[in-house]
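Could you put together the complete structure from these sequences and hints?
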Amino acid sequence: MLHIIKKSPYESSAFSDAIKYIGQNDDVVLLTEDGVYAVKKGGKFEDILKNLMQKNAVYCLLADIKARGIQEDEIVENVKIIDYQGFVEKVVEHNPMTWA
Amino acid sequence: MLHIIKKSPYESSAFSDAIKYIGQNDDVVLLTEDGVYAVKKGGKFEDILKNLMQKNAVYCLLADIKARGIQEDEIVENVKIIDYQGFVEKVVEHNPMTWA
Amino acid sequence: MSGQEKTKVMLVCRTAPYGTIYEQEAIEAMIMFGAYEQDISVSFIGDGVFSLKKGQDTAFLGKKNFSMTYPVLIDDFEISHIYVEKESLEERGLSGDDLIAEVEIVGRNVLKQKMNEMKAMLPF
Amino acid sequence: MSGQEKTKVMLVCRTAPYGTIYEQEAIEAMIMFGAYEQDISVSFIGDGVFSLKKGQDTAFLGKKNFSMTYPVLIDDFEISHIYVEKESLEERGLSGDDLIAEVEIVGRNVLKQKMNEMKAMLPF
Amino acid sequence: MKLGVLVKEGPYMHQAIETAYNFIVAAMEAGHEITGIFFYNDGVYNRCSTMEPPRDERNIMKLLSELELKGVRLIVCVAAGKRRGIINQTVCKVEEISGLGQLLELCIASDRMITF
Amino acid sequence: MKLGVLVKEGPYMHQAIETAYNFIVAAMEAGHEITGIFFYNDGVYNRCSTMEPPRDERNIMKLLSELELKGVRLIVCVAAGKRRGIINQTVCKVEEISGLGQLLELCIASDRMITF
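Residue numbers (this note's numbering), protein chains in the order written: chain A, 2 to 101; chain B, 2 to 101; chain C, 286 to 409; chain D, 286 to 409; chain E, 8 to 123; chain F, 8 to 123.
FYI, nobody ran anything at the bench for these hints, they're computed from the structure. Just so it is clear, the structure is predicted and the values come from calculations on it, not from any experiment. Check the hints yourself; a few may be wrong.
[What the hints assert, rightly or not] Residues from chain C shown here face chain F by an in silico Cβ test under 7 Å; the list is partial:
#1 E310
#2 E313
#3 G392
#4 P408
[Said to hold, decoys possible] Using 30 Å as the maximum straight-line C-alpha spacing, the simulated DSSO-like pairs for lysine-lysine come out as follows:
#5 K45(B) x K21(B)
#6 K9(F) x K291(C)
#7 K349(C) x K21(A)
Yeah, the Cβ is synthetic: ideal placement off N, Cα and C, and Gly gets one too.
Next up, the structure:
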């Protein structure tokens, strides 16, 4: 499954609800819209993401991190940045579920 | 101040943001709409409410607890139930701030 | 659709009733989907479990009490399964006795397996 | 309004930019309010602090980058104060150096005192 | 007391306008004056005149119009309304279209300003 | 691959329709087929024809109509649209008004169903 998370993890339970459903190794996470705030180094969700990435890939959407002023060196290591083409590829590879 | 909280504390940061701003003894809390889920005995927010009520009054809106099937005996002790008339009175007594 | 396999679709209900319209419009979808002879299931996780709470009385709000629909979803509207996540119930101080309908209370891991079998998941 | 005391109003910004329109429409309010010669302040708490993050580039989104407005709110649009809550910044791994505008970074207790002085608070 | 109201959410999707309506009715019954209801953000959708909710649901547009008949000012923000297509004459029931300054005027003229 | 799209949020208020639009453009460029966009909940507001956003903002109604010219089906839910006043002929640009069954048909006809 592709878990698309689009709400800020600081504001909404979407992030915390979603990561409880990441059970298999082939589950991947895509952070979009305000969901990208989870990737910020030094933020509250850095350790949760690092722990998650031991088994599961985490992606974030380029347009959304750019808009929010998050620079590449501010992003937790190993989080992969993809564009809308990459977003489409992930949806082709995995069945999507949106957490809003 | 009258802190009106209208989002579910399980879903939104409105509740946790608001209670950090309850500083004075004359601050009171009114739970409306999905905010009323905080009052449920045995729920995650029971202790937080009890702690808060040592200094500050907490009200919840009758119409909203009724609609959500929360019975009076399921409500954390000392939370006061008010109707829309009571809501108006609280706004008259305190300057309101809505946390959504 | 004769001869074809039924399509498995799950409505994933994550929002509380009344505060927003999502749950009400999710029910409207459940009712319509039942008529299509596919394999439709509904799951309640997070605040979605509040939708099934017994004793809802909306007279003071002036709104429709749509919780009456849940008990008849399986028999009257041909929904295949209603799943409720056990962990979400517990976190909210609720148990099966608090619920309005006969539902399948399942652990998160079981529900995740069900999701893996779906062709489509529609979040509400 | 001569001879009368100015009305103190605070826009309380609690939402992140771009994901919803609240922050953008809050800015439109700040710009208009400035023209009325009242005492208007703006506070950023919770996810609202993200609105002030440096380096926003919305070209990939195809949306307007409205963060440019913040640095000129006080001088050009006669907003009296811009407060940012220190605790919310820290929780998000941000400091004053990350912010686009000269703002007053204040602790929650100080901001609470400011709120107590307001005639009206408008949440966004 | 003079009470001003700001509505930031649209009809049906959020309970906000319903809570606002019930609050306003109670306030008027208690003898308070409503200085006006300002519709901002998605709140402007509450004045869409073409709403046709099912019979067993309240028609929010009409309920608000009843308040207007009782003398409550309904003010729709021009910028928020234009963006969303809700101030076109053929589309919507809008009595007073105004700029954001009117929201500040409500703050000035009211003893309390409450947001739904 | 055949991709179906469900849009649950209104324009401007939420970024959902903008992400959906950018996703759909990228998917079509990559050669995938969009089986349809179903507008539900506040998503129906995306088809309000009277939108007049400021010049430096995208007109979402028109962007979607451009997709339609490229052959993408736009389907507005009749129940959600009626409730909100968005399927009246004089008000809104609606090509296909349909029941919720069409949403299920999209699930059946698509390899993937994605919600914005």
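For this session: Check each numbered hint from earlier against the structure, then list the numbers of those it violates in ascending order.
Result: 3, 7
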